[in-house]
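Colleague: Here is how the chains run, residue by residue.
There are 2 protein chains.
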Amino acid sequence: MKEYIKEIEGGICAPKAFYAAAAAAGIKYQGRTDMALIYSEEPCITAGTFTSNLVKAAPVKWDMRIVENGTAVKAVVVNSGIANAATGEKGMEICDKTAEKMSGLYKGDKYSVLVASTGVIGMQIDPDKICRGCELLFAAKADTKEAASDAAKAIMTTDTHKKEIAVSVKLTDGSVVHIGAMTKGSGMIHPNMCTMLGFVTTDAVIEKKLLQKILKEVVDESFNMISVDGDTSTNDTYVVLANGAAGNAKIDSEGEDLERFKEALMYVSIYLAKQMAGDGEGATALFECHVYNASDREAAKKLAKSVVCSSLCKAAIYGHDSNFGRILCALGYAGTDFDPDKVDLYYESAAGKMKIVENGMGTGYDEEEATKVLSEEAVTVHVDMHAGNAEATAWGCDLSYDYVKINADYRS
Amino acid sequence: MKEYIKEIEGGICAPKAFYAAAAAAGIKYQGRTDMALIYSEEPCITAGTFTSNLVKAAPVKWDMRIVENGTAVKAVVVNSGIANAATGEKGMEICDKTAEKMSGLYKGDKYSVLVASTGVIGMQIDPDKICRGCELLFAAKADTKEAASDAAKAIMTTDTHKKEIAVSVKLTDGSVVHIGAMTKGSGMIHPNMCTMLGFVTTDAVIEKKLLQKILKEVVDESFNMISVDGDTSTNDTYVVLANGAAGNAKIDSEGEDLERFKEALMYVSIYLAKQMAGDGEGATALFECHVYNASDREAAKKLAKSVVCSSLCKAAIYGHDSNFGRILCALGYAGTDFDPDKVDLYYESAAGKMKIVENGMGTGYDEEEATKVLSEEAVTVHVDMHAGNAEATAWGCDLSYDYVKINADYRS
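Residue numbers (the numbering used here), protein chains in the order written: chain V, 1 to 412; chain F, 1 to 412.
Among these hints, one or two may not hold up.
Okay, the calculated beta carbon distance ranges per label pair [unchecked claim]:
hint, chain 1, residue 1, chain 2, residue 2, range
1, V, LYS342, F, GLN30, 29 to 39 Å
2, F, GLU3, V, ASP296, 50 to 60 Å
3, V, GLU93, F, ASP296, 31 to 41 Å
4, F, GLU221, V, ASP337, 19 to 29 Å
5, F, GLY88, V, ASP252, 56 to 66 Å
6, F, ASN389, V, ASP126, 32 to 42 Å
7, F, ASP296, V, ARG65, 28 to 38 Å
The set of hints was computed from the structure by calculation and includes no laboratory data.
Values in this document were obtained by computation on a predicted structure and should not be read as measured data.
Just so it is clear, CB atoms sit at the ideal spot from N, CA and C, and this is done for glycine as well.
Can you build the whole structure from these sequences, using the hints too?
Modeller: What follows is the structure, given as structure tokens:
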């Protein structure tokens, strides 16, 4: 990590003047919190990336319009349990009602509220429940690390743990800004916005266009490089709210300060992306593929993604089985040209690093040794293409019995 | 089925002057047959389609050259257990040795022998074992349905049953030609040549270029429309041998006779493709997606494939769970434009047919009824796009615990 970035406590409440809350609104789950609020004292500029799926959930449509129009935002209301997707006009009305309810509580405009949903597709949300949830959230909001942590828990679906992080960034003039973030997601996770909700808060003063630009670049290297199951969801959302409360000299041009802020946003996003990949439904291991010496960047990305997306590679990792042929095979159908006879492969984990393939053929390595390396909680496959200078890393997880179990009967 | 096509017995030995045999050569498997021979009394013209994977197994390279050059072929030698992929120069030498051995037995040219392998990638085949296998095969060859059936069994890997079929085709002048075929494949099965080996024999007199042309069209509608796990293998091969023994007036131009022959080849290929999809590793159900009223044919194909390829849809079918949101979601990321608010979905199986989605939203159907329809051995999802006149069908299977089990530890 760069010396000007520091990990700190507080999640989405780490930046100044941000509040969070969680509530049990009984949207679908019982006996747990299922709604979260992010609230800013000051109006925020926003940037966002949303699912590339043609079938977009109602809240995605709602938020895209607000982020595009550039309306100032004060609050984000999130619910888990029901995705509000494939819900037609009624689904849009729920967004409208939620926003109207929340903005009424702080006496603002309804277009200053973003909404986000995650859960089962095709069910309607009960408007009374979500409005009652808004009241609970607004009453409970606090700017503490506990409130941030509660919010990160409330947005979980099949996640096994909450995912949050915060950092401080020192700018060139010595002033300090903060970034906090939380995400959820563990199934339907695939490049082009994994099925995830992600929310970033920052107190930095920054220009909206620049924020949108670096956000896109960051998402391409982080969330768009992870895969759990190849399914791109209807609800994917990653938004940044910047309220300017840090009072730094505005970051309004390319330069060292923008670089530092982007570096910090990248750090936060890659951390959360890896958390999500490693927490893939039923996963027992984080599966990383690092491709280097590739002919160009796009080729490197395609190759790395192809390996972490392959069901056969994922199942082999689950079995701690050094079936390197499957990795070569996945490289071969990645859709980019290369010479298979020049490829070298290595496995690496906490148990060590070993060369498995040289010039496209097995090295005659020790199988027991390989099984040991593959039995760790995080396993990396390094692929040396011997073709150029580009590199890329993608993250996924193994494919286990539990993935099937979770998804064969998710709704009940 | 068209009235000029009739299903008959005999598999690859149904066409005149074709012989088959199986042998236990101990290549990798013990206590079972693992080599097969197809032998024709007369020299054959050939047509073939091969894996699109950049990493091509040695036998694929060997066969591609022979099929392209148009050398007359007399024999195909197949082994299961080891794929002879990622084996470098040594792997090519094995092909050469196998062909030399087999052609020596019938005193022909080594380039009159096609070879094919399926199994684990990255291991070398023992040349002594495969040569001994060639002797056993040549000695055992017979033109009986039993021999054909034994060959279809010998090429299996994780398949749970052999896959073979034969038909007769009556041409316009009343003469009759025959087509026989066998395939293997149940894992690593994905559009663009599933991980499969497939061999078609025919006694028709037909022009090579036309045969290659219709073969490509047929493969695009059959084997390239099935998916088990999204992995495109290094060894995919589907070849046709035509020995001309039927003595019909040569099919050497577009017209009714070529149409009839193509129709029969399509029938045989779709039958085998569905057999393979339904026998996907660990599968408990054949999962068919039929898209109609799509804007164009390519769109229909993409949409149908996207649904049968989705891990989440496949897991839902395994759980007999009517999670229609996942189907809408898979349509949405298929990569083709459409209006989600116009889509209707139906489930169909032996237990009945029911409408699940209308205009992109759930119809409020009976869940128990849906579970009943989804609990059959073959389940079809019909997707009405309300956008045009094109249609396409794709086949896959459900995703079960056993898929993971088989693939977490395939090599041991």
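Colleague: Indicate, hint by hint, whether the structure satisfies it.
Modeller: Hint by hint, here is what the structure shows:
no.: 1; hint: LYS342/V / GLN30/F: 29 to 39 Å; result: holds, 36 Å
no.: 2; hint: GLU3/F / ASP296/V: 50 to 60 Å; result: holds, 56 Å
no.: 3; hint: GLU93/V / ASP296/F: 31 to 41 Å; result: holds, 35 Å
no.: 4; hint: GLU221/F / ASP337/V: 19 to 29 Å; result: holds, 28 Å
no.: 5; hint: GLY88/F / ASP252/V: 56 to 66 Å; result: holds, 57 Å
no.: 6; hint: ASN389/F / ASP126/V: 32 to 42 Å; result: holds, 41 Å
no.: 7; hint: ASP296/F / ARG65/V: 28 to 38 Å; result: holds, 31 Å
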